[in-house]
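Q: Read off the chains here:
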Amino acid sequence: MYTNVAPNKFYTVNEGASNLIIVPTNIFAKKSTIDKSYIRKGIDSVLFLTRFSNIYNQSFSAHILVANTDYTEVDSLNIFDDGFHNDSLANDGLYGAYITPRKTEDFFTISVSTITNENNRYFNTPDISRFTTIGPVVLDSISISKSIHNPNIYIVKPFIKNESKSATIKNDSVKLISSDSWAKGISTFYDLPDINPGSTVEPSLSFQIGYIDSLFPGYFDFKVEIMSDGWVYWTDSKQITVPAVGIDEQSNLPLTFNLEQNYPNPFNPTTTIKYSIPKQSYVTLKVYDILGREVATLVNEEKQAGNYEVEFSLSGIRNLVYHPTGMASGIYFYQLKAGDYVSTKKMTLLK
Amino acid sequence: MHKQTALHKKVGFKITELIKDVLQINFNTISIKQKRCIMHKLIKIIVCVFFLSFLYPNTLMAQMFTKISTGPISEILGNSQGSSWADYDNDGLLDVLITNTSFYGENKPNLLYHNEGAGYFVLVDTGAIYNDIISASCSSSWGDYDNDGNPDLFVGVADQSINHLYHNEGNGNFKLITSELQGDATSDASWIDYDNDGYLDIYLTSQVNNKNILYHNNGLGGFTKVDTGIIVSDTDCAISLSWADFDNDGDLDLFASNFDFNSTSAINRLYINHGNGYFTSMSSDAVILKDAANTTGASWGDYDNDGNLDLYVVNNQSANELFHNNGDGTFEKIIIDPPEAAAAFSVGSTWGDFDNDGDLDLFTTNDRGFPGDPTPSFRDNLLFINNGNGQFTRITTGDIITDGGHSCTAADYDNDGDLDILIVNGSLGAPYVNYLYLNNGNSNNWVTLTCVGTVSNKSAIGTRVKAKAKINGKDIWQMREIAQNTGCHTNNSPRVHFGLGKASVIDSLIVR
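Here the protein sequences come in this chain order: A and B. So the first sequence is residues 1 to 351, counted in my numbering. So the second sequence is residues 1001 to 1512, counted in my numbering.
Source of the hints: derived by calculation from the structure; they are not laboratory data. Remember, predicted model here, so these are calculated numbers, not experimental data. Just so you know, even glycine gets a beta-carbon here, dropped at the ideal spot from N, CA and C. Do not rely on the hints blindly, as some may be mistaken.
As the list claims (entries may be wrong) - A partial selection of chain B residues facing chain A, derived with a Cβ cut-off under 8 Å:
| hint | residue |
| --- | --- |
| 1 | 1075 |
| 2 | 1079 |
| 3 | 1160 |
| 4 | 1162 |
| 5 | 1165 |
| 6 | 1417 |
| 7 | 1448 |
| 8 | 1453 |
| 9 | 1503 |
| 10 | 1506 |
What the hints assert, rightly or not - Computed spacing ranges between beta-carbons, pair by pair:
| hint | chain 1 | residue 1 | chain 2 | residue 2 | range |
| --- | --- | --- | --- | --- | --- |
| 11 | A | 205 | B | 1133 | 48 to 56 Å |
| 12 | A | 115 | B | 1280 | 58 to 66 Å |
| 13 | A | 307 | B | 1339 | 52 to 60 Å |
| 14 | B | 1180 | A | 270 | 48 to 56 Å |
| 15 | A | 57 | B | 1377 | 51 to 59 Å |
| 16 | A | 193 | B | 1069 | 48 to 56 Å |
| 17 | B | 1227 | A | 19 | 43 to 51 Å |
| 18 | A | 270 | B | 1327 | 37 to 45 Å |
Next comes chain A alone, as it looks inside the complex (with noise of 0.2 Å):
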């Protein structure tokens, strides 16, 4: 039993212990961004912004110290909740600073304190972003060619240069990002020899990504993402052309995809409904409600060229989330996709 414990707090109950734990109460930074990860030596600004996590709402002041690798420039700020630091309003939680143009070219870490004004209690959280003056390391050129083993697979490597005239870049690796929405399967991150000023240098394995050919119009925006020690510093992007890929016609089987209207309607209990798909296609065919939502799947399988029909049966269909009394009379959507096409038709339920 614990006596005589103050309300208007938070506390944590170990099992067993003798005492109550309040909860701390160090204020410390989230969120923080800033608008550049790489700046130009003498020249670029850096703004950091962040907010903080001050569950008992104290007021506090906060700072934050902006250090290269050696500690031989360092700099310490006050950062502000007043709308005049392009923190946004004044007095929304939002906190900013302008960092100036730094002398030298390193690496620099930025980390964030806090001192509360009633108690002085001091809160650190240190490395919470980083930016560089190093560079810029940039994306030179991108090689791209078909694989010899999936004729719907690139393979893609990008090189990557070190335009510093002094700094070699460590522990470093590239991440390739494509977010058309004909590019699917990209890999992730591979790692990156050292480069040296002024040097390019390839990661030792390649990337692959696939296509929708439906969509895809003979070329990929590409960004990668370069790091050291897990931070990303640069990003760079490029467009690259490839040839575009032709789809064999299948002269004996269906021209075109179709959706045919089902039979009968309005029906009750069941109805036929019938579709065509001109070439090998993964299919879904899927009842929904008038709000959108699925209440039957009646295909979703690999299916070869050809003609189909299904029936859809009331009995048996008990979507338990949304109609666990059975379907009610009204208006249903039924949707075909097969591969990129997609057609929905209404049909009725009279009860």
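Once you have looked at the hints, place chain B on chain A.
A: What follows is chain B alone, placed relative to chain A:
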């Protein structure tokens, strides 16, 4: 610059931009001196409120909850069924997972929101949970099954046998465990230590063969399916689970809300835990079982501070029922809902001392019904403020009432000492918006406890906490039990929260 493992997408909102609610409270619950003071101020400030007070002397208008209309929780649409709270990264702030089923034919990820403090949430849009697209997630349950200090997450899948267990690796990272915790269309799941061996077991509903499923935690990171006993052999169709030690014997008992999809006469079950994994079923003639019809969920809470957990049972288009626990294994049925609310499609419910006055209040969400079905004639949510004398005052105005809702949970997400409410709206129809309702608070005192097991399971599920404080001149013992299941598809905050009225000290605090 960002680190390679950067986790979060930031979307914030400003509390200062909130829309204000107005709710009614009962004038009889405050002293004559307070009445005079409040009336005096009201007369001076707002003439129209004076008029209302004159015409209806037992009520006044006061703000209680503020609807949060901005921020990612209300801006990211889904088809949300349930929610569950936990401080998954142990930073002192409660985070929340919202489960989603498919949305306009597209499967949606379950949405884990990290609490940034000061009322800000961000969607964790990377990692195992976000990248694991599940067709129909209803329930989720947090529990530290391996006692490593980090709450793990179980997500039940409502249309498949596969369930998803995410091990909390610490540092905000989760790993999807391809586990043996298979189900048969899981609509609800509970982490519980039913045999008090110090490790959390998991219990699942089944909507295919209707036999609930129990997996015993072997303490080595694995689970063994329990294939004997009444709680895994009864063939009811449970939709949600509510665990509590209602008979005060030190182990968790189970109320199973059974929803018969083919009739309106489903019988709920109350399973009594006798220890060592042995359960018996209370007779179906018992008051607490015999009248329920299509129950969707239930919530345990000691609303009258008598040391016994009472049960509020939520029914689909049938009157909800409050069962007072007499302390001798029997219950007395009490109807607090208005008669017209019997038409409501009630789904969610939660107890919580929302006004921090030293007794549990009650909140229930009422759905607007399934598409194609007739819209229920009663769709308002129900908020009952406990008067402290066994009676409740129903709140009838405010967004939190008129918005309706599917399921609900209570948690103090902004760490200001009062319980806020989250309503998710998956079955309501477009636009599928979920909302937080911020408790505007008052000057009453409170305390919040996070219990950590050492011999017991680390999540302290099953722990009972009693607090004695002098409230309104009386020594009041309040009681809470950590068993997070509440209502339907939802888990409340694992923290223990007591409202204390004007009490300046908790005289005694007992943790069992």
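Q: State, for the Cβ atoms of residue 193 (chain A) and residue 1069 (chain B), whether the hinted interval 48 to 56 Å holds or is violated.
A: Since the Cβ atoms of residue 193 (chain A) and residue 1069 (chain B) sit about 53 Å apart, the hinted range of 48 to 56 Å holds.
Q: Given residue 1506 (chain B) was flagged as interface, is its beta-carbon under 8 Å from a beta-carbon of chain A?
A: holds, 4 Å
Q: Should the hint that residue 1160 (chain B) touches chain A count as held when the rule is a Cβ pair under 8 Å?
A: violated, 11 Å
Q: Given a hint of 52 to 60 Å, does the C-beta separation of residue 307 (chain A) and residue 1339 (chain B) actually sit inside it?
A: holds, 58 Å
Q: Is 43 to 51 Å right for how far apart the beta carbons of residue 1227 (chain B) and residue 19 (chain A) are?
A: holds, 44 Å
Q: With 8 Å as the cut and Cβ atoms as the points, is residue 1079 (chain B) at the interface with chain A?
A: Cβ of residue 1079 (chain B) sits 6 Å from chain A, so the hint holds.
Q: Tell me if the beta carbons of residue 1180 (chain B) and residue 270 (chain A) are separated by a distance inside 48 to 56 Å.
A: Violated: the Cβ-Cβ distance is about 38 Å, outside 48 to 56 Å.
Q: Let's test the interface hint: is any C-beta of chain A closer than 8 Å to that of residue 1453 (chain B)?
A: At 5 Å from the nearest chain A Cβ, residue 1453 (chain B) passes the 8 Å test, so the hint holds.
Q: For the hint on residue 1448 (chain B), does the least C-beta distance to chain A fall short of 8 Å?
A: For residue 1448 (chain B), the interface hint holds, since the closest Cβ of chain A sits about 5 Å away, which is under 8 Å.
Q: Between residue 115 (chain A) and residue 1280 (chain B), is the Cβ distance one that fits in 58 to 66 Å?
A: Between residue 115 (chain A) and residue 1280 (chain B), where Cβ atoms are some 60 Å apart, the hint holds.
Q: Would you check whether residue 1165 (chain B) satisfies its interface hint, that is, whether its CB is within less than 8 Å of any CB in chain A?
A: With a closest approach of 21 Å, the residue 1165 (chain B) hint is violated.
Q: Against chain A, run the beta carbon of residue 1075 (chain B) and see if the smallest gap drops under 8 Å.
A: This hint is violated: residue 1075 (chain B) lies away from chain A, its Cβ roughly 17 Å from the closest one there, beyond 8 Å.
In summary, the numbered hints that this structure violates are 1, 3, 4, 5, 11, 14, 15 and 18.
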